[in-house]
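Protein chains in written order, with this note's numbering: chain A, 1 to 285; chain B, 1 to 350; chain C, 1 to 108; chain D, 1 to 601.
There's no promise every hint is true.
What the hints assert, rightly or not - Taking lysine-lysine and the DSSO-like style, the derived pairs with C-alpha atoms no more than 27 Å apart in a straight line are:
(1) K24(B) - K62(C)
(2) K75(A) - K453(D)
(3) K148(A) - K44(A)
Unchecked claim - Restraint-style ranges between C-beta atoms, simulated for each label pair:
(4) L314(B) - V48(C): 40 to 50 Å
(5) G248(B) - Q139(A): 20 to 30 Å
(6) P234(B) - L249(D): 38 to 48 Å
(7) G109(B) - A19(C): 19 to 29 Å
Think of the hints as simulated: they come from the structure by calculation, not from any bench.
Glycine included, each C-beta is placed from N, C-alpha and C at the ideal position.
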Amino acid sequence: MRLQKLLWTLLFLSVPIFGVVSFWVCDRYQALWPANVSEIYGRKIDHLFDVIMWITGIFFVGTELLLVYAMFTSKDQDSQEKADFVHGNRTMEIGWTLMAAAILIFVAFYQIPTWTEVKVQKPKKPADAHITASMWMWQVRYPLWDEKAQAPRKLDVVQPALSETFELVNELHIPAKETVLIYVTSRDVIHSFYVPKMRVKQDAVPGLLIPVWFDAARPGNYEFYCAELCGPGHYMMRARVVVHESRKEYEQWLREQTERLRAPTPPPQVAASSTPTESLSLAGK
Amino acid sequence: MAALEHALHGEEPRAMGLPLPNSKLAMWLFLATEIMFFSGLIGAYIVQRFGAPHWPRPEEMHLVVALGAFNTFVLICSSVTVVLALKALHEEKTQQAAMFLLATFLLGGVFMVVKAIEYTDKWRHHLLPGQVIESVPALVQEALAERRQVAQQQKKKPEEDAVFVALDRFYRYNIGNARLQPAQALKWYNDVRNAFPQAGLPDITRGEEVAETVGRLVQTRRAELKEKRTAHDPLLEELEALSLAAHGIPMSRRQQAVHYHYLSEQKYREAHLPELRLYGNTWSSFYFTLTGIHALHVLGGMVIFAVLLVFYLLGRLGPDKAIWVENAGLYWHFVDIVWIFLFPLLYLIG
Amino acid sequence: MTATHETHAHPNYLAVFAALVVLTGISVSSEYFLGAGAAHVVNVLVAVCKAVLVAMFFMHLKYDWFKVYFMVVPTLIVGIVLVLTLMPDATFSQYRNLLGVPPPIVAD
Amino acid sequence: MQATNTEHHEGHHGHELSFIRRYIFSTDHKIIGLQFFFTAWVMMIVGGLLALLIRWQLAYPDAEVPLIGRWLWPHNAGKMTPEAYVSAVTMHGSIMIFAVVIPMTTAAFGNYLIPLQIGFRDMAFPTLNMLSYWFIWPALACFIASFFSASGPAGSGWTAYPTLSVIQQAAPGSGTGQTLWYLGLLFVGVSSMMGSVNYLTTIINCRAPGMTFFRLPMTTWSLFVTAILQAFALPVLTVALILGLLDNLGFTSFFVPQNFDGNWIVNNFARRSAGGQPLLFQHLFWFYSHPAVYIMVLPTMGMASDIIATHVRKPLFGYKPMVYSILGIAGLGFIVWGHHMFVSGMNPTLGTAFMVATIMIALPSSVKVFNWIFTLWGSKPDWSTALLFALAFVAFFIIGGLSGIFMASTPTDIHIHDTYFIVAHFHFVIMLGGMFAIFAATYHWFPKMFGRKMNETLGKLHFVFSFIPIFIGFYLMHQVGLLGQPRRYADIRPMLDTEAGYAIILMNKISTHSIFVFAAAQVIFAFNLFYSMFFGEKVDRNPWRSNSLEWEAPSPPPHGNFERTPVVYRGPYEYSHPAAEQDYLPQTHPPIPGEEEHTGH
Ligand code: HEA
Ligand code: HEA
Ligand code: CUA
Ligand SMILES: [Cu+2]
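Bound-form chain A, shown alone (with noise of 0.2 Å):
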C-alpha cells in the first residue's frame, strides 16, 4: 500500500514537473509563441499574456503540487487511525473565495484597457486596404496613388471602386512602424483574418463590414491565414502581409502600382451617389 502511495504520488507529480518543463523547453527553443513584431499592439497583448501566465502557472504549480501533498500526507490504509472528521472550514473557504476573488478581479480589468485600445477604439485615419475573403482567396483592394495630390486616394471601404483602386491577391501590404487600417469582410462563408506574428485576429463575415487596426515593427514577409473553417480548403487560404520599410517606401510601391495600371480617366460625376456595379444581378429569379 505504501509504494503504491508513492507511486501514485510520483505520477501525479509528473503534471506539473512536465507541464513547466516543456513549456520551458519549447521556450528555450524559440518555440512556444511566434516572435512578436508588433510593437504598438501586439506587445500590450503579449504584456497581459505574461501576466496571465504568470498568474495561472503559479496556480498551476501551486494547485498541482498541493494536491500531490495532500496524497502524500495522507493516512496509510492500515494504520489504525481513521481519517480527519472534519466538514469543512468556514474561514479557508471565505479565504480562497476572497483571494481569488481579488485576482479575477484585477485580471479582468487590467486588461480593459488593453482590449479597448485593439478592438473598441478605431484609429481616425482613413483606410488602407478592403479585404473581401472568399472561398479560398483573400482580394486585397487598395487605393490608387493620386498624382494631383501626392497621396492615395479616398478609399471607399463600402463600395471600392473599380475605378479609384486597384486589387492584388492573397497579398496585403502595410507600411511598418504605424497603425494600420483594413476593413475586412467575406463575400460567401465566415473566414478570419489572422496574422498571428502581429498578434490579430478578426473574422471576415458576409454582410458585415469590419475594421482592423494593427502595426508591424519590422519590415519583412509574414504568413497570414484564414482561422475559421471555411469549408474543405480552409487550410489553403495562406497569403502574406508585406511590410515596406516607411510609409515613403509604401507610398511609393503604390505609385508603382497605379503608373504600371494605367488608371482609366474617372466617370463623370452625375449622381454623386452612383458607382457602377459590376455586373447585373438577377437573383431572386
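Once you've looked at the hints, dock chains B, C and D with the ligands against the given chain A.
Here is chains B, C and D with the ligands on its own, set in the frame of chain A:
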C-alpha cells in the same frame, strides 16, 4: 432510540416534495422550457426586425389586421372555455365540462381555419419564403412580360404602350448598360418634356446635347428641391434616370429600387405593376416560422382536447380527471399568451 | 393528489374575458388613432397586461404563485437577458451600419 | 409526497415481464440507464476512431491511412481528402459531445443514480423516460446516415456556423450531411428535454422521507442543476437548429445576409432569399452550447466529489460551498456565451462585459478545486482505480480551467482563438477531465450495476496507460496552438514555412503517437468491462462501504429498487465519524449518540 431521534432532529423525517402533483409540476417545467423556446424565437425576430435596414409593412405583405384580431378573440374565448370546463369538473358537472371542452376544441379549429385562409392568401400572392422577388431587374422583367402579354391580347404592338416603353427604357439603359443612341435620347427627353409641360424645360434639337443639358438640369432641380427641403419629386426622378442613361452609368441598386418605386407607385399606379418588397423573403421566413410553430402548438392542444373528449364518450371523464384538464388548460393558456405577443408584433408593429 | 386539490378558487372568468377583449380592442385601435411610436408602446404594454391577466387568473398563478414562482421567475430573467443581450450586437451592430445598405425606399 | 408515492403504485411488481418489455422497451430507470451507458460507449468508439483518423492526418498528412485508406479514398492514393478531414472533425466533435458525454453523464448515470440516490422506486414518469431513450435512436440514425450520404457527412464543424452550414452548394459537407446533422441534433434535444423535465420533477417531488435538499449527494445535486441548465438552454438551441435547418433546406433566410452591394448572390451560390444575420446563429448556438459545456462537466464534478469522498473515507470538504458553487457556475454560465465570439464581429464593448463574466466563473470553479484538494487532506485513501481516475479528473480539470483564463481575457484570445490552444483547453476539461470522471464513475458504480467488481489490476493498468499518454498528447497542443496552428486544418505541412514549423510538426507527431498508446490502453478497459460483467468478483450491496442511498439497495437493484422506502437521517458524507464504530455512517442509519447534523461548515 426514538427519543434520541427527537433529541437530535426534533422530529421524525417527513415526506419531501412540493404540494404540487407530479404532472402539474412537470407541466410548469415544460412551460418554462417553452418560455425559453419562444424567447429565442421572438428574440430572433425582434433582432432581425429592428436590425434590418428595411422591413416590409404588414399591409404590404397582405396581412389583414381584422383576421389577426379575430383570431386573438377566438383564442381568448377558447381560454375562457377551458377554465370554465375545469370549474364545471370541479363542481362535478361532467356533461357541462365536456361541452366546454368541445367548445375549446372547436374554437381551436376555427383558429386553424383562419390560419389556413391567411396562409392560402400568402401563397396566392407568392409571399412564401424564397418566392418574394426582391430584385428590381427581375421585377421589371416580369412586368415587361406582363405588358407584352396584355398588348398581344389587345392585338397591339407592345411599343405602343407607354408603360412598356418606360419600363423597357428603364431595363435597357438604367439597369443594363446598353448604349443610349442620340436619337433615342432625344425622344426620351421630349417625352419627359411633354409629361411636365409647366416645368419649362428647354428645347433641345440634337441628341448629343442631351447628356450635358440634362446633367445640368438635374443639378439645378436638386438645388431647388433642397431649398424646399424635399429630396425627390417626379421630375427629378425622370431627369435623373435619363441623365444616368445618357452618360452610360447604370443605376446602383438603391437607385433602381427608388426609381422602380416611383414608376410603380406614382407614375403608373393603375397599371398594377408587381410590387417591390425589399426584405420580403426574410419577413416571410419569420412570419411562417413564428406563426407556423404557434399553429403546431395549437394543433397539439387540439389533440389533447380530442383525447379528453374521447374519454368523455367512454364515460371516463370525471372529477378525478380534473388534473388532466388543468394541465391541458395551462398549456392552452400558454399558447394563448404566445399569440397575445405574436399578434401585435406581426400584425400591428410589424 | 387529493392533498393539493383543496378548494380551488374560481375567479369571475367572464370579467377577465371582458377585460381581455377590451384590451385587444385598444391595441388594434391604437394603430389607427396614435402615431406609430406611441402605438407601438401601447401595443407592447397591452400585450404584457393581457399576458399577466391570462397568467394570473386562467393559469391560476394568483393562487399557485408560491408553488411555481421558483420556476417562472428564473425563466423570465434568463429569457429577458437573452433578448436584451442580442440587442446591442445584432440590432445596433456598428459594423452593419457602416454599410451603405439601402434605407427604406418609402422614406423619401 | 404520500400521495405521490401511491400515484403510480399500480405498477407491476411481482409478475415477470417479457424480455422485450424488460430490456428493450423498458420503463425501468436502471435498464434505461444501462441502455444509455452502452450506447454511449459504442458511440465513444466511433468518435474515438474518428479522432485517431484526425490524429493520423495531422502527423502524416502525406501518407496513406493504414488499413482503411485504400478502401475509402482510392482516388487519393489512400490519403485522407480535405473534405473527409473537416467532416471527420465535425462528426468527431458532434458525436463526442451529443452522443457520448451528454448521454453518458446526464442520461446514463443520471437515470441510473437519481432514483437510487434519492430513495425512490423509479423516475416520476417512467414512460417519458423510455421515450427519451428511444429518441436518441433517430438522432444516432441521422448521424450515422450522414456518413453514407452521397456528398459526405456534415463538414462545418460541430458549431455549424452559417453561412457555410446553410448554403448547400458551399461545400460538399453542407448538403444532405448537414441536413441530417441538424435533424440528429434536434432529436438529441428532444431526448434531453424529456430527460430534464423528468429529472427535475423526480428530484423535487420524489425524495425519500428525510432527504432534504441539503442531504442530497453531490451527484444528484449536480444532475439537478444540469437539468435546470438543459431546461433553460436547450430550447434556444432548438430555435437555432430549426432556423438553421430551414435555411439549409434553402427557402428561408434567417442567417444568410444580403451582401452589402445589395446582391444576394453569395459568391455565385444563388439563394432564393437573403437578408438575415449570420451572427444571430452564433448567439443562439452559444447560448446553449456554453451552458452545454457545464452540462457536460457538472455531473462529472458531482460524481468525482462522491467518488473521492467515498474512497478517501473522509467527509466532503465544504459541502454547502460545493453546492453553492455549482449553482454559481450554472447561473454565471448563462451570461458568458459571448466569450466564444470575441473576434466574430460581435460588438466589442459587449465583449468586455462577457469577458468580465467569464473570468468571474473561475471563482466558483476554484472553490470546487480547493474543496476537492482539502477533502484529500488528512484522509485515508484506498487507492482504488475509481479514486485514481477521479483524482486525475481534478488534476486535469485544473489545467483545462486555467487555460480557459487565457481565452477569457479578450486581448489574448485574439491570438489564440481558433488555434490548437482551444483544442487543448477543451480536451483537458472534457476528455481528460470529464471522460476520466466517467471512467471513475464506471469503476465506482459498476458493482451496483452488475453485482460484480471490475478487476482492479486491469483497472490500474488502464489508468497508468491512459494517464501518461493522454496528458502528453494533449498538453503539447498548447504550445502548438500558441505557435499559431489553426484548428480544422486538413494539412499542416504549409506550417513548415514558418520559423517554428519543424517544432510544430514534431509536436504533432508526438501527440499522435501518445494518443495511439492511449487508444490501445482502452482495449484493456473494454476487456475489463465485459469480462467483469460476467466473471468479476462477486460483491455485496455496499462494496465501497459508502453512505449514500444507492448502496442500500441490492446489487443490481430489482424493479422498484428498495425493499422498503428508506428513511434518511443525515447527509451523505459522514465518513470516519469518531463516534461510530465503523468508518462510515449510511444515510439511513438511525442517529447515533454524540452525533450532530453537519452540512458543510
Ligand atoms: C466541459 C467543458 C468545458 C469547461 C468546464 C470549460 C470551462 C471554461 N472555459 Fe471553455 N470551452 C469548452 C469547454 C469547456 N470550457 C469548449 C468545448 C470550447 C470550444 C468550443 C469550440 O469553439 O469548438 C471552449 C472554449 C472556450 C472559450 C472560447 C475560446 C475561443 O474560441 O476563442 C473560452 C473563452 O473564454 C473558454 C473559457 C472557459 C473558462 C473561463 C472556463 C472556466 O469555467 C474554467 C474555470 C476553472 C478554473 C479557472 C480552474 C480551477 C481554479 C483554480 C485552480 C483556482 C485559481 C484560478 C485562478 C485564480 C485563475 N472556453
Ligand atoms: C467529449 C468530447 C471529446 C472527446 C472525448 C474527444 C476525444 C478526442 N479528441 Fe476531440 N474534439 C471534440 C470533443 C472531444 N474530443 C470537439 C468538440 C472538437 C471540435 C470539433 C470541431 O472543431 O468542430 C474536437 C476536435 C478535436 C481535434 C481538433 C481537430 C481540428 O481542429 O483539426 C483533435 C485533434 O487532435 C481531437 C482529438 C481527440 C482525440 C485524440 C481524442 C481521444 O481522447 C479519443 C480517444 C478515444 C478512443 C481512442 C476510443 C476508445 C474507446 C473507448 C474508451 C471505449 C471503450 C469502451 C467499450 C468498448 C465499452 N479532437
Ligand atoms: Cu477561409 Cu477558413
Ligand atoms: Cu464557453
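Hints and how they fare:
For the hint linking K24(B) to K62(C), the alpha-carbon distance of about 16 Å falls within 27 Å, and the restraint holds. Pair hint K75(A) plus K453(D) holds up; C-alpha atoms about 25 Å apart against a cutoff of 27 Å. Restraint check: the Cα-Cα separation between K148(A) and K44(A) comes to about 39 Å, which exceeds 27 Å; the hinted pair is violated. Roughly 42 Å separates the CB atoms of L314(B) and V48(C), a value that falls within the hinted 40 to 50 Å.
At roughly 26 Å, the beta-carbon separation of G248(B) and Q139(A) lies within the given 20 to 30 Å, and the hint holds. In this structure, P234(B) and L249(D) meet the distance hint of 38 to 48 Å, their C-beta atoms being roughly 43 Å apart. Distance hint check for G109(B) and A19(C): the Cβ-Cβ separation is about 25 Å, which falls inside the suggested range of 19 to 29 Å.
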